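**Q** So the protein lines, in turn, are chains A, B and C.
For the first sequence, the working numbering assigns the number 1 to the initial residue and increments by one for each residue that follows.
For the second sequence, the working numbering assigns the number 1001 to the initial residue and increments by one for each residue that follows.
For the third sequence, the working numbering assigns the number 2001 to the initial residue and increments by one for each residue that follows.
Honestly, the hints are just simulated from the structure, not real lab data.
Keep in mind that this is a model prediction, so the values were computed, not measured.
All C-beta atoms in this analysis are idealised placements derived from N, C-alpha and C, irrespective of residue type, glycine included.
There's no promise every hint is true.
Stretch-level coverage of chain C by chain B, calculated; a stretch enters the list once three of its residues show a Cβ under 8 angstroms from a Cβ in chain B [claimed, not checked]:
#, segment
1, 2118-2131
2, 2184-2190
3, 2215-2228
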Amino acid sequence: MEAAEIYALVRARFPDQVVEIVEKRADPYAVVDPHAIAAICGFLRDDAALAMDCLNNQSGVDYKDRIEVVYHLFSYSHRHGAVIKVRLPRDQPALASVEPVWNSANWMEREIYDLLGVTFHGHSDMRRILMPEDWPGWPLRKDFVEPLEYHGISTVRESPIIRLDEKKK
Amino acid sequence: MEAWLNRLMMRGVFGAHPIPVLVYASGIAIACALVLFAIALPFASIVTWVERRVWARIQSRIGPNRVGPNGFLQWLADGLKHICKEDIIPAEADPRLFKLAPYLVVLAFILPWAVMPFSSSLILADLNVGILYMTAVTALTVVGVLMAGWASNNKWSLIGGVRSAAQVVSYEIPAGLSIFPVVLMTGTLSMQGITRAQGWSPDRWFLFASPFCFAAAIILFVASLAENNRTPFDLPEAESELVAGFATEYSSMRYLFFFMAEWGNMFVSAAIIVTLYLGGWRFPHVSPSPIAMNLLEFATFNIKVLIIVFVSMWIRGTLPRVRIDQMMSLCWKYFVPIAFVNLIGTAVWVAIWPAGNPFAAWSMLAVGVLLAAFFVRRVVHFARRSRMELYFHPTI
Amino acid sequence: MSMLRTEEMTLNMGPQHPSTHGVLRFVIRTDGEVMREAIPDVGYLHRSIEKIAEKVGYHGFMPYTDRVDYVCAMFTNQAWGMACEKLAGVEVPRRGEYCRVIAAEFNRIASHLLTVGLMGMDIGAMTPFVHALREREMINDLIEELCGARLTFNYMRIGGVAWDLPPGWRDKALAYLDHLEPIVNEFNALFSYNKICIERLAKVAAIGPADAIDYNLVGPNLRAAGVNWDVRRDLPYSVYPEFDFEIPLGSGEWGAIGDAMDRYMMRIRELTQSARILRQALTQIPDGPVLAKVVRNFKPAAGECQVRVESARGDQGWYVVSDGTSYPWRVHVRTGSFAAMGMIQKLSRGLMIADLVVLIASLDVIAPEIDR
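Please work from the sequences and hints to get the whole structure.
**A** Here you go:
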């Protein structure tokens, strides 16, 4: 099934929750209401014509004015895919977890939480995954500034070129 | 050796006046201990070099070849290196037990050499319970290993120690049961007695005496691999699971002790198999000179033992490690029942043919030769096929 | 037995542990030898490659992609090139595509050889590891001649590859393929069909097709579960449609379908299939340029795309967002090891400690790919 048909089906089922459908890009996508994400994902998985049995990729993007969470869905039985996006405010972004729908969301949502600070409600284990538990801030946000030291360990390396210049003096 | 010292004593080598018994006894003890140490330790160490070279060949590598001719002195360099290293005792460890454990392991490896029948006269003490003594003292290893695992205060070490205890205690049973058929046939526990009951020719080895003995010898070999923590039963020190098992926290000389004991025990258990089933030092009487005969017998015994040791190195280079439940089920479900059948079968066999059955011996020998020929053919086949012909030299 | 009081023990496995393939850490809750659960803790190899991408520009990011998965870096190279080409609409010359496929398939063989060798080492047999590395060394020599590097290749460029095949390389590569196939049989005789090996791997941590899809397993792990899916065939990219090759599937002939033995054998079988692709590619390779003309200040139009390539560890998805400047706005890599690692906690329940090592090796998880 083509992506446009999939989005049409989703819009027919959730007329108010689908915000926008963009079809001109390399990968067409649909933007949906964050409050309905769990319901829409459940529909996409369970509908016999769609049968999106795999959450292939889930990632977050910081657009400076908003944060988007992107779901790349795929159906191994029908061999078709779809891209669903959710737009969230930058301060305290939160939405429902899709872990009950696809188990693979567990770690990917943890990664988004870790790097972009998006909280997922209903997630079984909402902890940082890649960064240390007490790391300040969300590294993949555009305004993230790396702290100069972490527990007394410097995160900045002295430039060898500058050191050579100083020696010459 | 004891007899030889006694003879010296009779001849008055130590002076005209008889020396006090205590001094005499302790003198003998020290002399024997020195001889043992001088033989056993280099043996165990040289085996490490042999094993590394053999293993390297199996893996199409070269192996250590820098120290001495063909790297022969590698064992000396390794020993020196280990002595010079820092001896670390973890702060949380139980220091007394931690220090004691390696000595116990080394003790368990040195003690069996007292009854090792190298030749008709080269034996330190021909005890009348020789083989029993041997199995008893080799089992001491497990105490040392368990102690090491416990005293390290490291969970990985503890698992290694417990695995070792489970493994050695389990495999003692089939190993012990596989010794008894020979004892039944000879009616003696003395190592020399058992060796003398066999002949120099393979048809008079106990390996081929009956089908039961053949099976028992194989069980004894596999069980001795397990008792020495050798592949495929090297679970106590499984490096990919337990880091280094019971030896994780050890360093320096103490670490070396464990591994010397491991390689030394390989020799000891091979010696048990050779004495019990492969004719020991027996060699045809070709020379009237006792010195020449003893040398020939010594060489025969050692060559046989080294062949068994080589097979165990070969197995180490080839097989993966079994899992603990598989190891246990192999022991309790297969080896123990088969060993019991062997024992009962041998008892019946001895009752029917008290002097042995030459026809059975010859046919078992034929079976053995056929098996060996088949094996050699397969090995040659694979060795030929895997000959490397392609080499790339990167052009830079 | 219930009369015995047992106590649960917490074990820390890693990050410095011989069989964790890099720096992984597991917190194992165990009752004797049987595990209650192994909780993975990742992030020890996190080099923030996705953040670096936002700072170095499109061309400049190519060497960094090598570090995403340094065991099969050709695929990450290729995926990054494909993503940029898809965003900007660059056409790769046919010889360039062939060079990409040849390099990538050699890299797949190298990666699978490492995986099967490591499986040997993890279950206690050193010899298969050394034998497998001996073969891998030759591929490294070949690739070194091709691009000058043995591990982090940086061979591909946006719009093709950096260098054409060196003179005489084709014959060497074909000679290697002739040599490889008997060696695979020898390796099987030495290790794969060894009774102990089968006993250790069969029926361990079987993954059914539904679970494999739900947990987003990819590549050989997914095919071992019986799902007939290969990106090279089903979402064709590059010049793969021009080759004739089979896709091996897990059959469960040693025990359960999708068990560790199936996953292990999947890699062994893919060795010969890769060799088959390579033989065709090396004989069919057309003449022509290998690199399309791409401007130095590469600025694709604003937009986003996801490309999927079949790397040695399975379907690797690169999601790239461009804002029209010369720096990518966001790059996200979805890797096979990350998904497989997320499944270990579920699979580990009730296994033995020795099986956990087998499980990690059979899923072929590689730490840099998890943490990126």
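**Q** So, against the hints stated earlier in the document, which numbers end up violated here?
**A** 3
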